[in-house]
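Protein chains in written order, with my numbering: chain Z, 1 to 455; chain P, 1 to 248.
In case anyone wonders, no lab produced these hints; they're calculated from the structure. We put the CB at the ideal spot given by N, CA and C, even for glycine. Take these hints with a grain of salt, some might be off.
Stated by the list, open to error - Simulated restraints on C-beta separations: (1) Z/P455 - P/R33: 16 to 22 angstroms; (2) P/P37 - Z/P455: 16 to 22 angstroms; (3) Z/N452 - P/G162: 31 to 37 angstroms; (4) Z/P227 - P/A90: 53 to 59 angstroms; (5) P/P175 - Z/K176: 32 to 38 angstroms; (6) Z/L396 - P/R29: 36 to 42 angstroms.
Stated by the list, open to error - Derived lysine to aspartate or glutamate pairs resembling DMTMM-like cross-links, with alpha carbons at most 25 angstroms apart: (7) P/K158 - P/D122; (8) P/K158 - Z/D32; (9) Z/K176 - Z/E243; (10) P/K158 - Z/E42.
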Amino acid sequence: MGHPQSAGRFLRDEVRARRHDQSLWWVRQQRDAAARRVPDWEALRERAEAIKAHTASRLGDYLEEFERHATARGARVHWARDGEEHNRIVHGLLAERGARRLVKSKSMLTEECGLNPYLEARGIEVTDTDLGERIVQLDGRHPSHIVMPAIHMTREAIGELFHRTIGTEPGLTDPKALTEAARQHLRQKLLAAEAGLTGVNFAIAETGGLVVVTNEGNADMGTALPPLHIAAMGIEKVIPRFEDLGVFLRLLARSATGQALSTYTSHFHGPRPGGELHIVIVDAGRTGLLGADGFRRALQCIRCGACLNTCPVYRRSGGHSYTWVVPGPIGSVLAPSRDVVAHQTLPFASSLCGSCSDVCPVRIDLHDLLLRWRQEIVSRRVVPFGRRAAMRVASLVLRSTSLYERVGRLVRWGMRVLPRRWVAACSLGWARQREWPVPPRESFRELYRRTNGRP
Amino acid sequence: MLTVALFVPCYVDQFYPQVAFAALRVLERHGVRVEFPEQQTCCGQPMANSGCASDAAALAEKFLRVFGGYDHVVAPSGSCVAMVRRHYAALVGDRPGVDHLATRTYELCEFLHDVLRVTRVDGRFPHRVGLHRSCHGHRELRLASGSERMVEPFDKVKTLLGSIDGITVVEPSRPDECCGFGGTFAVAEEAVSCAMGRDRILDHERAGAEVITGVDMSCLMHMEGLLRRAGASLRVMHVAEVMAEAGA
Numbered sequence: 001m002g003h004p005q006s007a008g009r010f011l012r013d014e015v016r017a018r019r020h021d022q023s024l025w026w027v028r029q030q031r032d033a034a035a036r037r038v039p040d041w042e043a044l045r046e047r048a049e050a051i052k053a054h055t056a057s058r059l060g061d062y063l064e065e066f067e068r069h070a071t072a073r074g075a076r077v078h079w080a081r082d083g084e085e086h087n088r089i090v091h092g093l094l095a096e097r098g099a100r101r102l103v104k105s106k107s108m109l110t111e112e113c114g115l116n117p118y119l120e121a122r123g124i125e126v127t128d129t130d131l132g133e134r135i136v137q138l139d140g141r142h143p144s145h146i147v148m149p150a151i152h153m154t155r156e157a158i159g160e161l162f163h164r165t166i167g168t169e170p171g172l173t174d175p176k177a178l179t180e181a182a183r184q185h186l187r188q189k190l191l192a193a194e195a196g197l198t199g200v201n202f203a204i205a206e207t208g209g210l211v212v213v214t215n216e217g218n219a220d221m222g223t224a225l226p227p228l229h230i231a232a233m234g235i236e237k238v239i240p241r242f243e244d245l246g247v248f249l250r251l252l253a254r255s256a257t258g259q260a261l262s263t264y265t266s267h268f269h270g271p272r273p274g275g276e277l278h279i280v281i282v283d284a285g286r287t288g289l290l291g292a293d294g295f296r297r298a299l300q301c302i303r304c305g306a307c308l309n310t311c312p313v314y315r316r317s318g319g320h321s322y323t324w325v326v327p328g329p330i331g332s333v334l335a336p337s338r339d340v341v342a343h344q345t346l347p348f349a350s351s352l353c354g355s356c357s358d359v360c361p362v363r364i365d366l367h368d369l370l371l372r373w374r375q376e377i378v379s380r381r382v383v384p385f386g387r388r389a390a391m392r393v394a395s396l397v398l399r400s401t402s403l404y405e406r407v408g409r410l411v412r413w414g415m416r417v418l419p420r421r422w423v424a425a426c427s428l429g430w431a432r433q434r435e436w437p438v439p440p441r442e443s444f445r446e447l448y449r450r451t452n453g454r455p
Numbered sequence: 001m002l003t004v005a006l007f008v009p010c011y012v013d014q015f016y017p018q019v020a021f022a023a024l025r026v027l028e029r030h031g032v033r034v035e036f037p038e039q040q041t042c043c044g045q046p047m048a049n050s051g052c053a054s055d056a057a058a059l060a061e062k063f064l065r066v067f068g069g070y071d072h073v074v075a076p077s078g079s080c081v082a083m084v085r086r087h088y089a090a091l092v093g094d095r096p097g098v099d100h101l102a103t104r105t106y107e108l109c110e111f112l113h114d115v116l117r118v119t120r121v122d123g124r125f126p127h128r129v130g131l132h133r134s135c136h137g138h139r140e141l142r143l144a145s146g147s148e149r150m151v152e153p154f155d156k157v158k159t160l161l162g163s164i165d166g167i168t169v170v171e172p173s174r175p176d177e178c179c180g181f182g183g184t185f186a187v188a189e190e191a192v193s194c195a196m197g198r199d200r201i202l203d204h205e206r207a208g209a210e211v212i213t214g215v216d217m218s219c220l221m222h223m224e225g226l227l228r229r230a231g232a233s234l235r236v237m238h239v240a241e242v243m244a245e246a247g248a
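Looking at chain Z on its own, in the form it has when it is part of the complex:
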């Protein structure tokens, strides 16, 4: 099922859809207020963009520099070509140490790789410790948002889910009580964990250090107790210098939630005493983007989610209507590079309003990239023949002024005299909820000619 169908289904629950839209618009407003308080916000965005573009231009060098320095600090670096290899490495690390209970802090990369089902099929208990991610895990689903994984759910639905899965009393809807129940539940999982896995927000080439930002402190707790810390990162997470970090930290939380800084900014420079740190660096299609001239900028993404929050289509269709784990504008740019046929509806799930490009803290021209994907999809003939043919016919008509005038007259005449039902049937869904404009007898040019420009 493509995005239009799933979105239509999401919109059928009007109350929930409205709440979804309003919650995320509120986050967008928080972002605006936070950004406004930073002098030279736009200059900061430009700086971030320049750092990312520079890094991408010599990504291999920076990754190797990062590996050297991380290794010197006592970490072990592993390289994974794709999700499958990443999962195999993680499982291998756990299996070698006999670890059967893994706690994870937020990582969209492991969602992308399908790590949870891979490990669960091999007898390992995986617990997501980010509250939102734990909620969707208990619900057997994927995050619908990259920063707020359970934003698609109402607290009533979460109360029901907790009652069913972690034994809270029925009818609990108070957010505080629900959070407390989750905290107690997660505390047990964290205490019993034999390994902790985190994502990575920034990997610093110059120092070999990792930075993870969370609001719940779960990355710290998940790595402070068990002896094994595995950090999974995509190749695009590396930044050259420690001083670059400040540029991104100033942008990230403000863009994501409107916070000046997330509650926790955790630095991991080497393993903690007596522990092990393994860093898995994953490609999974990213070098393909790096090599594709037009799409390279998509790798600048720092996963703040601002483009989701501002996207009027995302807000009204929910993250699960996208066919890829990363939804919204950035997901719709990334997904087709993985499988253009499976994700062919995503670049069209945008009105190209351009809000995403203006809100993006690293200035990815998202709506231009979506348009670029549309061209790719058409030129690779993924789009059904009918749609391509319709545009070809329209283009042929419009190339000839006289043909255009005759077809225009015919269409207006048809709309006036044919039964409404017929016209509606020809309108590809335009008239399902909307009226057509009332066609005038004469077009502008006909009137202009007849009256010499003075009707």
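Model the placement of chain P on the given structure of chain Z, informed by the hints.
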């Protein structure tokens, strides 16, 4: 006397002749000689936005042939002008004259504001008007600063509208959210498109608008279609119609 070529978007030509005449009158009233090159058809935007680049390029070439010789081209549409200014280079960038055309094609209000330096539109329009900021004019032509960007605020269309006697420009709570028209998006994503349009209308209604205006008739056509289906009293008028009626 300054001469401009009027580009009338194809759907305006066919469905909204009064909008094109309004634009013509507004330009003439500001002392401009207006020509309407009759060979014009469409800028190619529907094809370009559908990803059909070669079909769009053929129309871009035609547009260049028809309008390339003019020093000023003006259209009552932000998105068609954005097509010429921002997207022709990628389609027919190797043709001589494309750069000239791209920098010399203006949206109507932009032309009044930037080229003619109009600060006051004469006339009277004693109504409460909601300004819909159509996305391509808004973000691709930068007709206004935009709610996302942290820059010195400006709004060319609102400045002109607000200068009309008796008018009250009301502000919806979301100043520049998309109405969901989006060209083929309106039918490809019909459910989301209509939901977006209804939300926009509601926001303008709550702000107390009697009229929704904007620089793009396509967005207004979409909202008008929803309004008429709902039997609502709120009207849509192109910004050229507001200016023309004010000055009549």
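How the hints compare with the structure:
no., hint, verdict
1, Z/P455 - P/R33: 16 to 22 angstroms, "holds (18 angstroms)"
2, P/P37 - Z/P455: 16 to 22 angstroms, "holds (19 angstroms)"
3, Z/N452 - P/G162: 31 to 37 angstroms, "holds (34 angstroms)"
4, Z/P227 - P/A90: 53 to 59 angstroms, "holds (55 angstroms)"
5, P/P175 - Z/K176: 32 to 38 angstroms, "holds (34 angstroms)"
6, Z/L396 - P/R29: 36 to 42 angstroms, "holds (38 angstroms)"
7, P/K158 - P/D122, "holds (15 angstroms)"
8, P/K158 - Z/D32, "holds (21 angstroms)"
9, Z/K176 - Z/E243, "violated (38 angstroms)"
10, P/K158 - Z/E42, "holds (24 angstroms)"
Checked against the numbered hints above, the structure breaks only hint 9 and satisfies the rest.
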